[in-house]
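Number of protein chains: 2
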Amino acid sequence: MKRMLLILTMTLSVLMVGAQQKKQLTLEDVISGGKNFRKFIPENKYMGFLGDTDMVFQNEGDSLYVIGENNSKDLLLSLTEVNEALKGEDLKALKSLYRITFIGETSFWVNNGESIIVYGIQDKKVAYYISYPKGAKDIDYNIEANAIAYIYNKDLYIATPDSEPVLVEKAGAEHIVLGQSVHRNEFGIHNGMFWSPKGKSLAFYRMDESMVTDYPLVDITARVAELENIKYPMAGMKSHHVTVGVYDINKKELKYLKTGEPKEKYLTNVSWSPDEKYILIAELNRGQNHMRLNQYDTQSGILIKELFEEKSTRWVEPENPALFIPGKGNQFIWQSERDGFNHLYWYDIEKGLVKQLTKGDWVVTKVHGFDAKNKSLFFESTKDGAMDRHLYKVQLSSGRISKITNAEGYHTVNISNSGNRVIDNYSSLNVPRVIQVIDVRKRKENLLFTAANPFEGMEVGKVTLNTLKAADGKTDLKSRIILPPNFDPNKKYPVVVYVYGGPHAQLVRNSWLGSARLWQLYMAQQGYIAYTMDNRGTPYRGCEFEKIIHRRLGEIEAADQYEGIKYLQSLPYVDADRIGVHGWSFGGFMTINLMEKYPETFKVGVSGGPVTDWKYYEIMYGERYMDTPEENPEGYKRSNVNERVDQLKGRLLVIHGAIDPVVVWQHSMDFIEQTIKKRKQVDYFVYPRHEHNVLGPDRVHLMEKVTLYFTDFL
Amino acid sequence: MKRMLLILTMTLSVLMVGAQQKKQLTLEDVISGGKNFRKFIPENKYMGFLGDTDMVFQNEGDSLYVIGENNSKDLLLSLTEVNEALKGEDLKALKSLYRITFIGETSFWVNNGESIIVYGIQDKKVAYYISYPKGAKDIDYNIEANAIAYIYNKDLYIATPDSEPVLVEKAGAEHIVLGQSVHRNEFGIHNGMFWSPKGKSLAFYRMDESMVTDYPLVDITARVAELENIKYPMAGMKSHHVTVGVYDINKKELKYLKTGEPKEKYLTNVSWSPDEKYILIAELNRGQNHMRLNQYDTQSGILIKELFEEKSTRWVEPENPALFIPGKGNQFIWQSERDGFNHLYWYDIEKGLVKQLTKGDWVVTKVHGFDAKNKSLFFESTKDGAMDRHLYKVQLSSGRISKITNAEGYHTVNISNSGNRVIDNYSSLNVPRVIQVIDVRKRKENLLFTAANPFEGMEVGKVTLNTLKAADGKTDLKSRIILPPNFDPNKKYPVVVYVYGGPHAQLVRNSWLGSARLWQLYMAQQGYIAYTMDNRGTPYRGCEFEKIIHRRLGEIEAADQYEGIKYLQSLPYVDADRIGVHGWSFGGFMTINLMEKYPETFKVGVSGGPVTDWKYYEIMYGERYMDTPEENPEGYKRSNVNERVDQLKGRLLVIHGAIDPVVVWQHSMDFIEQTIKKRKQVDYFVYPRHEHNVLGPDRVHLMEKVTLYFTDFL
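Chains as they are written, first to last, in the numbering used here: chain A, 5 to 718; chain B, 5 to 718.
Calculated directly from the structure, the hints in this document are not laboratory data. Computed from a prediction, not measured in an experiment: that's the story for all the values here. A couple of the hints might just be wrong.
Since the list gives no way to pick out one identical chain from another, each pair is judged satisfied if it fits inside one copy or across any two copies.
What the hints assert, rightly or not - When the alpha-carbon atoms are kept at most 30 Å apart in a straight line, the in silico DSS-like pairs for lysine-lysine are as follows: (1) 448 <-> 91; (2) 682 <-> 551; (3) 359 <-> 267; (4) 138 <-> 27; (5) 377 <-> 355; (6) 684 <-> 27; (7) 262 <-> 128; (8) 684 <-> 39; (9) 684 <-> 355; (10) 174 <-> 355; (11) 267 <-> 448; (12) 242 <-> 96.
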């Protein structure tokens, strides 16, 4: 009956859109992939700096303006004129200007899907272009080389405007992967080709997966269901072998760095020295507790020396390549958690550590680059609180840190080449979005744009950010509570927890709505208190906070989440018997984990794409936290939700994408199998053609399913 | 809340077992695989005739008795004595005597899992034995040959007590299958080896599946999920090629019958002539509308002639091999539906049709064999109504039919070699089981056993069998209604329909409880009216009734079922708004079909292992009814429930075994995919390690799930 009402409400509210200001959100409004989702994201402007200048541009897709003093807008470029020039050269038209990259202030390059095109802004002409074959991928254009590298039929090519493409390396077998991200995108790896600074050479990854087990995925949309094997290295099993090739364009010579034995290791954070003589690789052992920063000679491929090593009793996780300081020869900045927090270290290849640049009970979250004179380095950090992000610069010589951004909240920045101006795009709990230009020297802010509140005039719940104590009784945890609109403290409200709880994701932030998913606002409108908390193990709080989960995933995390629930249950307006929980991936794992550990507390759960047994998860992520099943059998057993299904009491729905290549289907299928053996009635749903996330319009179906499950049973 | 009560009830009733006579059934009582299931099946006795004699034995597993006049019991044989003799020969002991087969009255043969053993009853000794290798399968012992044929590592062997096994034929490739049932067990095929009457030769099937598509099944219980391909020929696609080999034991010579082109045809109902000179094969074209009964010479393999052909505008479905009349040379009995009902025809290989033996608006359901003088033939039929089964005999010369069994109901019989005595095991709506011996000549019945009502003292619902008109307004259909115990005609009861509706299955019969599943009795106890009806398309009613579904599966069947529902809704004690439906396989197809076609009628449905799109089903069964997708695109479209998901309104749960090799998973996965695309919320569940049916203890989990779905939502 409740369900009928809900559907009716949804239908009615859809009908009301446009007729008058609507008061109620629909799933089409709040779910990415929904028809109106974009309407409810604070408006954004696409701005940047014009090449090396301090001039700000605003890109509107069909035209690009220079923003002058007093925020005047001068048209610099139109899509029409660009496409006319492209048409003259028989080049495929651009759909928008969004993907252009300035080369200086007078030209830009862009990929039109067939060619890399360099366009002169002044003379409105195509300067030149480099085409690549249909089906080529990972097109990587380098301005210095004026060349592209790309993968075609698994082989690696380099092409220039003037000559035939050169075959750099042949894959030669199905299980060889060239020039692509390796190690399953862990350790900050997101690409597989590395142009040298002067564009004379290209380094690239080569991955041999022949020894990695196949995991069978099935395409049910074929006439007869077809097998689609993927290579999936499971915890404790054999891992792929990666090497790094270096191709010298002039010599037309390919060498592999002699990274040697053991072959099972992680070659991460490849970086070139400015003189192109060296490549630094952060080499991590398979056990992930011992990193060596190794210096290789790019001509001979020989290991020159280990610059330094980092060890940990838990894990070492290098995620940022060495950042060489322009004009300073072989000096670079290194990010390390060695003192318990992610900080900046100044190194010299010859002399070793120059000094630690930043220090304190906070973490550097992003490094941008240097100012014009290479005297200061810009970085973002949690120095003013882990919920906020601010831009800072540190003077290399003195170590003096100055804060660039002012307003409280979560800042995303774009810094001009000179380091004199910053485009600051920020939001905070109650501020949807502000864009301003900061004059770094004058410390002056010039407002460019203020986004309207997309919920203006609607009844949405009140979002608050809160602090509570972890299960250890001392650590502060951050949570977000969204109360239903027209909240009445004399009523009792059910709670729906949205949980993630795993490494690398901070859900509670001082950004617009506290970074709540709009679905949580929707649930608040449906009469639920929507709750989220970042337990220990989540990032940006330092090693002790983050790494306490080592070898026992799910234990500390669940205990902390339970503290949040106990707090909620203590509130007079919370219906303590009606607590629901939903999460995906690690959050799916946490959902089942919580339902099993606190069966009297959680009445309803919806778990999506869950890890259920860490031995089915991949080596790189899994072994970092859990070691191998052989090294940590007890930990694997205790974290295995398939072992505890007999503790289930509440109503649980498990959902999985049938072709999930990340958390493979086996996880939830094994879980279901165990529930059957233990005679537990769990609900299940499958998205036959979705991977690890249900994206696109089907996501609305997913979240309707999740929502209805709470409506039906909570 | 309802659910909580249900679980409580179940728990309580389990606790009450043993303490006092319980009143309520539990799922463990009513589901095969449940702990107490056997308790609620009327007790049975395993009886037969001693070899060629008219003496009745009763096999109790650990001992075997001869039943004398006045039902005296004389011990003939004990498991202990047999196993002692086996031990003396170092042969593995038998677990019971149930699987012994008499050879005459003085010895029997039995398979102990390692050997075929012939045991002499009088001297209590093993006469001889033939061992076969571990892993051998399809062991086929022939008394005349005193030899076994078996398959080992895909190859076909014959072994005798005295010599080394002989390799008859090598498979030679993974896609070659020897000596096993072919054509997916359609056309009455259930084995692949055929000993000649005198045991001098062995005929066998050879199937080449190289041209058949692989269907990928995945074993999630492996460390890393593993692929298990099966060969699955889908409608309209390439089919396997079958041939028949004939091996002459003395000559040690193998020949294949020259069955010729096209290779895509069905070689069914292989039978040997008594003189071993000929083999008859009912050869059916792929279109299944043209059968030729062909006579092959077993020495040369050459086709001698076509004896006769049968054609149909719908389909021809030979399911019974020629039955040669002992002592009459080359004369045989043939079963055919050619006059619209399955009847018996007397043929002579040389002269053709001698005469039609049976005729009328009823069907022969089973042919047993001849009396001692080969003057009469015993058969079962629906002559006295399609709900009953009786034994008859027809005199070959006169065609006179006499009825052997008397009591109304469903008779299963065992006829002595002489034809003078019949063991009659029957039940009817209110009779759990009676076993008697009928003296055929004296027409005298001697009662051997009467089973107690397993529900004695319990409150179970009243079962009635009823007749209603089909959607054509004239055809009689049979249905079964079970009312809740303590039925009150002034109340309103919800209905749960159990549906199958497909060919080859009759659910409503005049046997114990009307052949209701015990789960239906359970549902009646839970307060539902349990209903089942056999629509047109189901068997034993003649061709017009059965074949009207041709090229349009689901259409007539659903219309007929709807007539039943309209009738129920007209009853004052039926809650017309609360109609649920459940079915599996064809019944799963029907469930979705009904939910889509009558969305206002069916509030809740649970569909298991459903065919959703007949193009995913296999060639043999599928094309018989639907022709190929190319020949009948409109019919395939109209029968495709994936095309009509937008009509869904009620609450639907779909369940599938993940390694179902019959109705492959693709059916329900495609359905789910379409519901997602159409934004319909359907529920789904998977049994990861089950095939087309969920069997064993897990079946209780399944039926609890089905039950709870109705409890939750109906």
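Which earlier hints turn out false for this structure, listed by number in ascending order?
The structure breaks hints 1, 2, 3, 4, 7, 9, 10, 11, 12; every other hint is satisfied.
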